[in-house]
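Using the sequences plus the hints, can you model the full thing?
Sequence lines, in order, name chains A and B. 0 is the number of the first residue of the first sequence in numbering that gives the first Met the number 0; add one for each residue after it. 0 is the number of the first residue of the second sequence in numbering that gives the first Met the number 0; add one for each residue after it.
By construction, these hints were calculated from the structure, which means they are not laboratory data. Ideal placement from N, C-alpha and C gives every residue a C-beta, glycine not left out. There could be a bad hint or two in this list.
[Said to hold, decoys possible] Derived lysine-lysine pairs resembling BS3-like cross-links, with alpha carbons at most 27 Å apart:
hint, chain 1, residue 1, chain 2, residue 2
1, A, 40, A, 8
2, B, 394, A, 84
3, A, 161, B, 231
4, B, 457, B, 501
5, A, 56, B, 267
6, B, 489, B, 501
7, B, 449, B, 394
8, B, 470, B, 498
9, A, 40, B, 231
10, A, 56, B, 416
11, A, 8, B, 416
12, A, 56, B, 231
13, B, 309, B, 501
14, A, 481, B, 217
15, B, 449, B, 501
16, A, 8, B, 231
17, A, 161, B, 217
18, B, 217, B, 165
19, B, 416, A, 84
20, A, 579, B, 394
21, B, 217, A, 40
[Said to hold, decoys possible] Pulled a few chain A residues facing chain B out of the computed Cβ check, cut under 7 Å:
hint, residue
22, 60
23, 66
24, 183
[Stated by the list, open to error] Here are the in silico distance ranges between beta carbons for each label pair:
hint, chain 1, residue 1, chain 2, residue 2, range
25, B, 481, A, 176, 28 to 36 Å
26, B, 217, A, 80, 36 to 44 Å
27, B, 458, A, 244, 52 to 60 Å
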Amino acid sequence: METKQINLKIDHIPVAVPEGTTVLEAARSAGIKIPTLCYLKDLNEIGACRICVVEVKGARSLMASCVYPVSEGMEVFTNTEAVRKSRRLTLELILSNHRMECLTCSRSGSCELQQLALEFGVDTVRYYTGRPQPQPETSTLHLVRDNSKCVLCRRCAAACRKTQEVGVIGPNDRGFQTHIGSAFDRDLNEVDCVSCGQCVVACPTGALTVKDDTQQVWAALADPTKHVVVGAAPSVRVQLGECFGMPVGTNVEGKMLTALRRLGFDKVFDVNHAADMTIMEEGTEFLHRLQEGGTLPLITSCSPGWVRYCEQHHPDMLSHVSTCKSPQQMFGSLVKSYYAEQAGIDPKDIFVVSIMPCTAKKYEVKREEQRMANGCMPVDVSLTTQELARMITAAGLMFTQLPDGEVDPMLGMASGAGVIFGATGGVMEAALRTVVEVVTNGEMKPLEFKQVRGMQGVKEASFELPGKTVRVCVASGLANAKQVLDGVKSGALQYDFIEFMGCPGGCVNGGGQPVQSAEIRSFTDVRGLRAAALYSQDQRMTYRKSHENPYVQKIYSDYLEKPGSHKAHALLHCTYAPQKKYRV
Amino acid sequence: MEHIRSVTRPPHTEGDTGEIATSLNDTQFYHHQKRIALRNCGFINPESIDEYIGVDGYTALSRILTEQTPPQEIIDAIKASGLRGRGGAGFATGMKWQFTADAVSDDGVKYVCCNADEGDPGAFMDRSVLEGDPFSVLEAMTIAAYAVDSHQGYIYIRAEYPIAVKRLQIAITQAKEYGLLGQNILNSGFDFELELRLGAGAFVCGEETALLVSIEGKRGEPRPRPPFPAVKGLFARPTLLNNVETYANITWILNNGADEFAAIGTEKSKGTKVFALGGKIVNTGLVEIPMGTTLRTIIEDIGGGIPNGKKFKAAQTGGPSGGCIPADLIDTPIDYDSLTAIGSMMGSGGLIVMDEDNCMVDIAKFFLEFIIDESCGKCAPCRIGTKRLHELLCKITDGNGTMEDLDTIVELCYHLKSSSLCALGQSAPNPVLSTLTRFRSEYEAHVLEKRCPAGVCKNLLHYEILADKCKGCTLCARNCPADAISGTVKGLHTIDQEKCIKCGVCMDHCKFDAVVRH
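Shown next as structure tokens:
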């Protein structure tokens with residue numbers, strides 16, 4: 000059914016848009032950018048901040064353009080004296096209640112409130128501004144919430160409730176006392192937050208920020224007794240450039256490796272390699288379950304946000320979750336065992352740093368079941384892409400001008416299958432590349448599984464193999480995961496293998512990603528562009544399947560014997576257990 | 000003879016004449032009133048469906064269902080009556096019913112709701128209807144459901160009205176027993192289920208969209224409109240929401256004819272309105288008067304004038320969303336448009352009378368305090384703006400205000416009116432704006448002279464002991480809670496202004512009128 004076209008005038012410009020379009024989007028099509036603050040397309044469209052107000056002929060008061068639907072013959076004015084004055088006054092009011100710490104705030108330069116103040120030319124705030132400021136909430140490992148900088152846009156609550164359906168944060172109290180918090184104002188680590196960081200990604204100001212752990216890394220780098228090793232996740236190399244002004248989706252792997260080298264890491268490995276190892280272990284696990292009648296569907300476990308969600312909300316599904324550690328944790332485990340032996344260094348003197356697009360990894364590195372037999376924790380510190388960028392800037396490196404560097408191949412050389420882990424469907428495709436070949440004894444060697452690619456929340460596919468049909472599902476974002484799980488539990492959905500990622504779109508959209516404004520996030524496919532860069536890199540690589548990676552084969556032939564071996568299990572696997580939702 | 004008792008309490012006499020009123024309807028209080036919405040209150044047992052039926056209750060519904068009256072005919076009658084929403088907005092009820100009837104529901108579900116949240120401080124019109132005549136609301140809602148094609152209704156009632164809640168529950172039970180509510184009403188094949196939903200202490204949930212969101216189980220915050228509830232309301236279905244008093248008029252209109260109703264009132268404001276008369280007035284209580292009755296009639300005739308010989312200063316209509324009508328506009332007719340034209344509004348019916356001892360700045364501050372407590376906090380202008388407005392008013396009543404502050408107040412007021420998300424924020428400035436416009440000199444006295452002409456604003460008060468009257472009895476000093484009075488026995492006592500907390504206890508105790516306040 001064709002959608003009706005609506006004709007209206009915006010600032011005297013005739014505009015024709017489909018029925019159901021908002022005035023905000025209609026204005027964009029006419030080249031007019033109406034300022035917004037609380038608006039995040041498809042996530043938070045509530046008309047609350049009143050920054051996007053416009054004059055509509057015949058209306059009693061100013062209207063919020065982000066939620067006002069167009070109608071035939073409507074006349075809208077986005078730039079009258081009354082509109083500009085209203086936006087300014089609203090902004091002044093918001094600023095009057097905002098702790099202005101811009102000089103030392105980590106969002107200075109990327110803060111959407113700061114940007115509006117600059118755009119509107121607000122240089123004084125005429126209202127009473129002194130008031131007691133709340134203490135920051137720092138109970139979790141991954142974020143800091145500073146309500147003195149909160150503009151109550153509700154974007155964080157929307158991410159937690161709508162996208163993730165975890166819903167641990169939301170507005171408490173009302174009126175001027177309204178503040179974002181958890182139930183009964185408990186600490187965030189007392190409730191069932193999964194550390195996904197989607198709230199941080201949604202926040203326009205410095206109210207929600209990722210906890211900064213760079214000091215620990217600087218200290219380790221400066222410590223002569225420590226052998227500091229680093230590995231970056233697949234997604235980091237297609238995000239990092241954005242922190243230095245490069246277009247979204249630029250692959251900066253070479254510069255990233257040089258930067259890491261210059262920061263002083265003793266060894267620059269790559270978590271992409273560990274991703275290949277994960278495929279070896281998990282592929283073997285899947286085949287074992289498939290052929291021996293084990294618990295199916297098998298569900299991936301590389302996303303600690305998803306794992307924690309499963310432990311807290313769906314503990315009855317834990318037997319389905321793969322026993323494999325995540326690539327980050329396999330990386331650290333191999334460094335402090337295989338590499339340590341090869342290099343003749345005591346694992347206790349090795350300090351492992353991971354660079355992740357993820358906030359939940361900060362929580363994962365501290366999980367007790369990750370502890371190795373030798374007493375070490377595989378990874379000592381997990382930093383986000385943002386934190387790495389800060390270290391690079393602090394070190395004075397002119398990132399965009401750096402030459403391309405090389406990885407240390409032992410735990411650094413990866414196949415294309417490892418690279419695509421960062422996109423939703425990447426783990427599934429990587430696994431299928433190996434699994435299909437093994438199951439068909441080399442008869443079928445498909446390379447690309449386009450059916451599991453793309454940014455839809457839930458994707459499914461089935462593959463006809465001799466003697467077996469393998470049905471797979473890929474979902475990202477926990478609300479989608481829940482939907483699939485409910486179907487699996489009720490029997491309505493039948494799968495053999497499921498990939499769940501906590502963040503919608505996969506790790507390229509993780510909690511630790513570079514800041515992008517609401518405007519970019521609303522109208523640019525940030526995740527799609529970053530994912531595309533990963534798939535492009537995959538296409539250029541020599542080895543595109545995990546089992547073909549010689550540096551993976553070597554670890555098995557030299558050290559682990561074979562995938563799923565006793566040693567592999569001891570080092571690269573762990574078990575998960577039900578967790579309490581509320582720790583009060 | 001045993002059922003004749005001697006009257007020990009003197010009968011009601013009318014003011015000046017001292018005449019004994021022989022009929023309730025002849026008393027000054029009731030003479031000008033025309034009780035339509037309140038017609039049964041106080042006359043029937045609200046917990047008896049039989050008594051309701053006995054006063055022609057359920058005649059309208061049974062006629063409609065028996066004759067299978069076309070729904071459009073009912074809607075046309077309501078339109079012709081000119082009934083406008085009694086909750087405060089004054090939207091044409093017939094039109095609202097029409098929009099809801101015309102709206103298409105994807106799954107055929109539509110809702111009919113009743114706004115019984117009555118949050119205005121001092122308002123108890125809806126409460127009286129619900130406690131005194133609950134069946135009239137039930138019958139009206141059933142008729143409305145028939146007219147718009149709905150089969151499920153909710154009455155959203157504030158939890159602070161437990162008697163009304165109980166009586167509604169009794170009414171619903173009895174109506175169902177009699178086949179006048181629920182499945183297959185009066186064997187007509189028409190179903191209408193009705194349930195109660197209790198509020199949780201938020202004034203903002205009296206706002207149409209916030210009320211519906213609250214019924215959905217979410218945080219009671221208004222939603223932007225469009226889409227309007229008639230098209231997309233409760234659970235995203237077409238929803239009709241009317242106020243209790245609006246519903247209370249429906250069966251009277253259908254039983255007596257739209258023309259009868261339209262014959263009462265003014266051209267654009269038909270019928271009657273219930274007011275909760277309170278404040279500095281001799282006769283307080285609920286009054287139901289034809290639209291167009293002047294404020295003078297209400298105050299001088301119905302209200303019996305200002306007690307203690309004080310002078311009438313202003314009347315506040317519409318509660319925290321309304322404005323003040325000053326004494327020189329006492330002949331203003333009370334109807335929707337006349338009130339809006341002078342910067343006030345009808346509101347839900349609160350009518351607070353003020354005399355020379357009321358400070359208009361303090362009144363504005365009082366209503367604003369209510370608003371900042373009740374603002375939902377969703378939109379920035381109301382959440383922060385009302386607070387800043389209040390801070391500015393406190394500055395003025397503390398004696399620290401500047402003339403520039405008055406300009407800032409006006410600017411902020413107009414900003415809230417134009418930019419707030421819902422009517423709570425849009426109308427919150429009304430008390431401030433109307434008092435500032437009508438009583439500017441009073442504000443200026445606070446700012447320029449640091450003086451409160453009405454003698455209310457504590458921080459601007461100044462207590463003094465007159466030398467020629469003080470006998471040195473020490474009673475004031477002994478009772479002063481702040482130890483601010485010094486003096487020897489039989490000697491002149493003085494108040495230390497630094498320590499004085501302006502409580503007025505000294506003035507209360509002095510037997511010689513030696514303590515004065517300015």
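How the hints compare with the structure:
| no. | hint | verdict |
| --- | --- | --- |
| 1 | A:40 - A:8 | holds, 23 Å |
| 2 | B:394 - A:84 | holds, 25 Å |
| 3 | A:161 - B:231 | holds, 21 Å |
| 4 | B:457 - B:501 | holds, 6 Å |
| 5 | A:56 - B:267 | holds, 25 Å |
| 6 | B:489 - B:501 | holds, 24 Å |
| 7 | B:449 - B:394 | holds, 11 Å |
| 8 | B:470 - B:498 | holds, 22 Å |
| 9 | A:40 - B:231 | holds, 21 Å |
| 10 | A:56 - B:416 | holds, 17 Å |
| 11 | A:8 - B:416 | holds, 25 Å |
| 12 | A:56 - B:231 | holds, 23 Å |
| 13 | B:309 - B:501 | holds, 24 Å |
| 14 | A:481 - B:217 | holds, 21 Å |
| 15 | B:449 - B:501 | holds, 15 Å |
| 16 | A:8 - B:231 | holds, 26 Å |
| 17 | A:161 - B:217 | holds, 14 Å |
| 18 | B:217 - B:165 | holds, 25 Å |
| 19 | B:416 - A:84 | holds, 13 Å |
| 20 | A:579 - B:394 | violated, 50 Å |
| 21 | B:217 - A:40 | holds, 22 Å |
| 22 | 60 | holds, 5 Å |
| 23 | 66 | holds, 5 Å |
| 24 | 183 | violated, 15 Å |
| 25 | B:481 - A:176: 28 to 36 Å | holds, 32 Å |
| 26 | B:217 - A:80: 36 to 44 Å | holds, 37 Å |
| 27 | B:458 - A:244: 52 to 60 Å | holds, 56 Å |
Checked against the numbered hints given earlier, the structure breaks hints 20 and 24 and satisfies all the rest.
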